[in-house]
Every structure is written in structure tokens, then in C-alpha cells.
Amino acid sequence: AAGVIQSPRHLIKEKRETATLKCYPIPRHDTVYWYQQGPGQDPQFLISFYEKMQSDKGSIPDRFSAQQFSDYHSELNMSSLELGDSALYFCASSPDLVAGAITGELFFGEGSRLTVL
Amino acid sequence: QQQVKQSPQSLIVQKGGISIINCAYENTAFDYFPWYQQFPGKGPALLIAIRPDVSEKKEGRFTISFNKSAKQFSLHIMDSQPGDSATYFCAALAGGTSYGKLTFGQGTILTVHP
Chain C
1 AAGVIQSPRH LIKEKRETAT LKCYPIPRHD TVYWYQQGPG QDPQFLISFY EKMQSDKGSI
61 PDRFSAQQFS DYHSELNMSS LELGDSALYF CASSPDLVAG AITGELFFGE GSRLTVL
Chain F
118 QQQVKQSPQS LIVQKGGISI INCAYENTAF DYFPWYQQFP GKGPALLIAI RPDVSEKKEG
178 RFTISFNKSA KQFSLHIMDS QPGDSATYFC AALAGGTSYG KLTFGQGTIL TVHP
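So the sequence lines, in the order shown, correspond to chains C and F. For the first sequence, this note's numbering gives the first residue as 1, with consecutive numbering after it. For the second sequence, this note's numbering gives the first residue as 118, with consecutive numbering after it.
In case anyone wonders, no lab produced these hints; they're calculated from the structure. Beta carbons are placed, not taken as given, at the ideal position from N, Cα and C, and that holds for glycine. Errors might be hidden in some of the hints.
Across the chosen pairs, the derived CB separations fall in these ranges [as the list claims (entries may be wrong)]:
1) R63/C x D196/F: 41 to 49 Å
2) P169/F x P8/C: 38 to 46 Å
3) T20/C x G177/F: 37 to 45 Å
Here are the computed lysine-lysine pairs in the DSS-like style, where the Cα-Cα straight-line distance is at most 25 Å [what the hints assert, rightly or not]:
4) K175/F x K57/C
5) K188/F x K174/F
6) K22/C x K159/F
7) K175/F x K122/F
8) K122/F x K159/F
9) K22/C x K57/C
10) K175/F x K188/F
11) K52/C x K22/C
12) K159/F x K13/C
13) K188/F x K122/F
14) K122/F x K57/C
15) K174/F x K132/F
With the rest of the complex left out, here is chain C (with noise of 0.2 Å):
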């Protein structure tokens, strides 16, 4: 069965640069989930996207921006990079909003390793 793909895997920046972060929703999925995950820690909810308006917020900084296209993927802009931006990205989608809403049927990619230096 298809999967969240999220590209690149692994990217590797420095400090101030910029990253770009993509995530392909599996098909017929139309919302989309943005967290991060630093070293030994919980997922941390950064976004999320309902048909390419964005339907929640969390603690993503200003830094970072995302949206979500016509064809339901996503992409995830991050700027200025910091030291402490090193996480693992993961993206997530759910076949609708309800779903994703009431059941917390969340489909997780692989995830994007970011490791800024």
C-alpha cells in the first residue's frame, strides 16, 4: 500500500541557510501534518493543512513556513537555520479532516532528518 513519502531523507545545512522540506500525502488523503521530532523526544505538532488552507497551527517558529498545493502535497520552508532546528521532520496525513480530528488516524512518513551545523 502507498505511504506518506517525505523527501529528502537526510539533509544536512548550516547555520542560517534555508531547508525545504517535501511531503506527498498517501492518495485520496487531502490533509496533511507537519511535526517535529529532536533527539529523544515526542513529535511536537508544527501544521496542518485541509485542502490547501491551513486548519491548525502549533509551536512552529516564524522562521519556518509551509503550504499545501493543488495536489495535496506539502512543503515545509525553513529559514535562518539554527543549531537546535536538528530534528527529525515527519509529515503525516489522514483521509480527510474529520478523520484526522476524531480518530487520530494519523499516517506518519519516514520522517526528513535535518542536521544543521
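Here the structure of chain C is known, so what remains is to put chain F in place on it, guided by the hints.
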């Protein structure tokens, strides 16, 4: 502060034993409690979930027990197997206002020895 508190941080169990992971929450707006299993280098995967109107839910070797008055819930893994070795996260969701905004516990690293 951590809205969902999970314990223990790590757990070692012998094959065939019972693994028990506990979680507690404060926010009474939470109305859905999923458990996720995460293997190294992989994303979390939904394991089992429960609503607060149910005190227990069982799926195969996995059981969630829920105590609404105490605001606590736990995961029991019966007949634990080495393949169960992973990190387990409890989570909570305020379904009416949060669209997939899961609040995770700190995670429990489970090791099952053969």
C-alpha cells in the same frame, strides 16, 4: 509543560511477559487517546486507540485500559515478543478543536529480551 505524562521512560521485559506503559493527562478537552509504535528510523504508526467512554479496548495482544476519573490510561502488551521492541508513545487529541494536533507523551523505549 508536558500535557501528557508517560512512564516509564524505558522498560525491559522477557519474552512472553507483560509490558505495561502508563500515561496521565490534565486537559479534560482531550477525547481521543491513540497509542503509536515507532521503530528506529521510521515514523510513528497507530497501534490502538480508545475514547473515554470505554474503559478497556483489546486488539490482539494489545489492550488499553482507561480511567476517566483519574485521567489515566495504560497500554498492556501481553505475551511480549522481541519484535515488539520499539518506542511507544501515548497521545491525546481534543477532537472538537484540534485537527490532528496530537499531544504526545515522552515515549517509552521497550526492549523485549528473547
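Hints, verified against the model:
no.: 1; hint: R63/C x D196/F: 41 to 49 Å; in the structure: holds, 47 Å
no.: 2; hint: P169/F x P8/C: 38 to 46 Å; in the structure: holds, 40 Å
no.: 3; hint: T20/C x G177/F: 37 to 45 Å; in the structure: holds, 40 Å
no.: 4; hint: K175/F x K57/C; in the structure: violated, 33 Å
no.: 5; hint: K188/F x K174/F; in the structure: holds, 16 Å
no.: 6; hint: K22/C x K159/F; in the structure: holds, 17 Å
no.: 7; hint: K175/F x K122/F; in the structure: holds, 22 Å
no.: 8; hint: K122/F x K159/F; in the structure: holds, 23 Å
no.: 9; hint: K22/C x K57/C; in the structure: holds, 18 Å
no.: 10; hint: K175/F x K188/F; in the structure: holds, 19 Å
no.: 11; hint: K52/C x K22/C; in the structure: holds, 14 Å
no.: 12; hint: K159/F x K13/C; in the structure: holds, 22 Å
no.: 13; hint: K188/F x K122/F; in the structure: holds, 11 Å
no.: 14; hint: K122/F x K57/C; in the structure: holds, 22 Å
no.: 15; hint: K174/F x K132/F; in the structure: holds, 23 Å
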